[in-house]
Amino acid sequence: MPAAVAVPWAGWSPRARREAARIVDAACVRLWLTEVAARLAAERDFLTQLDAAIGDADHGVNMHRGFTAVMARVGAVEEATGGQLLKLAGRTFVSTVGGAAGPLYGTAFLQAGEALGDAERFGPKLLLDAMRASLEGVQRVGAAAPGDKTMVDALTPALSAYELELRTGGSLETAVSGAREAAAEGMRATIPLQARKGRASYLGPRSVGHQDPGATSTTLMFAALEQAVLADRSQRFAGGARRRVSGP
Amino acid sequence: MIQSVGRAARILKALGSESARLGVTELAERLGLAKATVYGLLRTLEAHQLVEQDLETGKYRLGPALLQLGNAFLDNNELRARSLLWAETLASRAREAVHVGVLYGPNVLLVHHVFRPDNSLQILQVGASIPWHACALGKAMVAYLEPDARAELLAGPLPRLTGRTVTGREALEAELAVAVARGVAVEDQEAIVGEAGIAAALFDNRGAVVGAIGLAGPVERLLPDGPVAETVSAVKEAARGLSRELGAGRPAMPGAGA
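Line order of the protein sequences matches chains E and Y. Count along the first sequence starting at 1, add 967, and that's the number in the working numbering. Count along the second sequence starting at 1, add 5, and that's the number in the working numbering.
Just so you know, these hints were derived from the structure itself, not from any lab. Values in this document were obtained by computation on a predicted structure and should not be read as measured data. The reader is advised that the hints may include incorrect statements.
[Stated by the list, open to error] DEER-style ranges, computed between Cβ atoms:
hint: 1; chain 1: E; residue 1: F1013; chain 2: Y; residue 2: L38; range: 35 to 45 Å
hint: 2; chain 1: E; residue 1: Q1016; chain 2: Y; residue 2: K18; range: 42 to 52 Å
hint: 3; chain 1: E; residue 1: R1040; chain 2: Y; residue 2: A182; range: 43 to 53 Å
[What the hints assert, rightly or not] Looking from chain E toward chain Y, a few residues come up when the C-beta cut is under 7 Å (computed):
hint: 4; residue: A994
hint: 5; residue: G1066
hint: 6; residue: A1110
[Unchecked claim] Away from chain E, derived, C-beta distances all over 10 Å, residues of chain Y:
hint: 7; residue: V29
hint: 8; residue: E57
hint: 9; residue: P152
hint: 10; residue: R155
hint: 11; residue: L159
hint: 12; residue: P223
hint: 13; residue: L228
Backbone N, C-alpha and C fix where the C-beta goes; we use that ideal spot for every residue, glycine too.
Throw the hints in and build the complete structure from the sequences for me.
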């Protein structure tokens, strides 16, 4: 993980700070998807290796193929809100990715996109609603509960950590950092679990001792989210500072 | 029950439950036994090559004799032995993976698995155990069980494995009736999201169900718009041929009429 980008708050009015901290827009969503795609390309073989131990050794390949298709479609769309981009990503995923990853991640993106609606810009609260909608969609399709050794084991704690951070006065930046940390912890906690869902559950006790590939790819998405938010924020502040300097 | 045999069995199961190797202390803690007891059992198991000790770490893992026993188990399974050719033929005809399973309590135990013939990386699933109500093989078999045995399975726990698992007793009974009428049972992402199955039951010379054979694969290929007639007849033909080889005569084969 890259170190958190230092945010130059100095010289900003409280109102400008609130505004800056509130905003996620389509550019940030694009940044996130791009970051996810890059990480999936880098981690493809690792994910496949994890899947070979308890699944059918196609998770890395599937996720990478799906996100390559997502980036091609998202790149071809110029005018779109964050929600519309996520819905496009979800539809692309469902139609291009086989196995369990297609329907599960596809639903997660679609539901998040639905929750964001056509808002041009949104704040951390709406992002929370989107994450919640994703989790609900994933659980509807996969019927997994926390502890079943699935992506839900990363998604659930990430969502809780994100919400807790917001409720205790945190910013979008600290909330996404908290989410990434909690997802990673949930991912590592899948190692000693016996799978109760998915192909790994066929193995019974033999699934113990392996990290869940789905929880791993979910954690990767939260790490990408953190990086996208921080990078987007530093760009925004750089732009804001320039405006300030050139202003009266 | 012989206590020491039970303890030895528990040691083997503990070593078989995870990839990590276990030391004497860890095993003793896990099983609630004295270290000396565990050590003695391990030494005996080691003499029979049922466990082996890693020389570097001193930890124990399962031994090579177990592989031979596992293979012997599969080899002695007559159904598996006889299904090899039929399963291979079905796989190349349908271009999908083939599973052969038997009922083992409320689960289907896969005794044979032929990979989808497309050179893709696939993992052998022989030995996997799938709840009967969530897979085509299980539904195909249970549909032809004696009423008592069927009722018992329907009354048992029916865990939800995906959002599409059928867990209602009446809905399952209706599906079993459809399976008998069609001659095949169908599963649509009820065990694993994205995967489907089409299977038919196998019968012996008394007309009793002894297993099932079927296709397993991506739902978009296996059930593009419900099951494809050609695929269904390929599964049925394989099941009929295999059943005949197992001694089932035409009149004794409930699935033969379909």
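Tested hints:
1. In this structure the hint that F1013 (chain E) and L38 (chain Y) lie 35 to 45 Å apart at CB holds, the actual value being about 38 Å.
2. The given range of 42 to 52 Å is broken by Q1016 (chain E) and K18 (chain Y), whose C-beta atoms sit roughly 27 Å from each other.
3. For R1040 (chain E) and A182 (chain Y), the hinted distance range of 43 to 53 Å is satisfied, since their beta carbons lie about 44 Å from each other.
4. At a threshold of 7 Å, the smallest CB-CB gap from A994 (chain E) to chain Y is about 32 Å, leaving the interface hint violated.
5. Taken as an interface hint, G1066 (chain E) checks out: its beta carbon lies about 5 Å from the nearest beta carbon of chain Y, inside 7 Å.
6. Evaluation of the A1110 (chain E) hint against chain Y yields a held restraint, the C-beta minimum of about 5 Å falling below 7 Å.
7. Every beta carbon of chain E lies more than 10 Å from that of V29 (chain Y), the smallest distance being close to 19 Å; the non-interface claim holds.
8. Distance to chain E confirms E57 (chain Y) as a non-interface residue, since its nearest Cβ pair spans about 18 Å, more than 10 Å.
9. Listed as outside the interface, P152 (chain Y) is consistent with that label: its C-beta sits roughly 29 Å from the nearest C-beta of chain E, beyond the 10 Å cut-off.
10. No beta-carbon of chain E comes within 10 Å of the beta-carbon of R155 (chain Y); the shortest separation is about 23 Å.
11. Interface exclusion of L159 (chain Y) from chain E stands, the closest Cβ pair being 20 Å apart, more than 10 Å.
12. Its beta-carbon lying about 5 Å from the closest one in chain E, P223 (chain Y) breaks the requirement of being farther than 10 Å from that chain.
13. No Cβ of chain E comes within 10 Å of the Cβ of L228 (chain Y); the nearest lies about 13 Å off, and the non-interface call holds.
This entry does not satisfy hints 2, 4, 12, going by the numbered hints stated previously.
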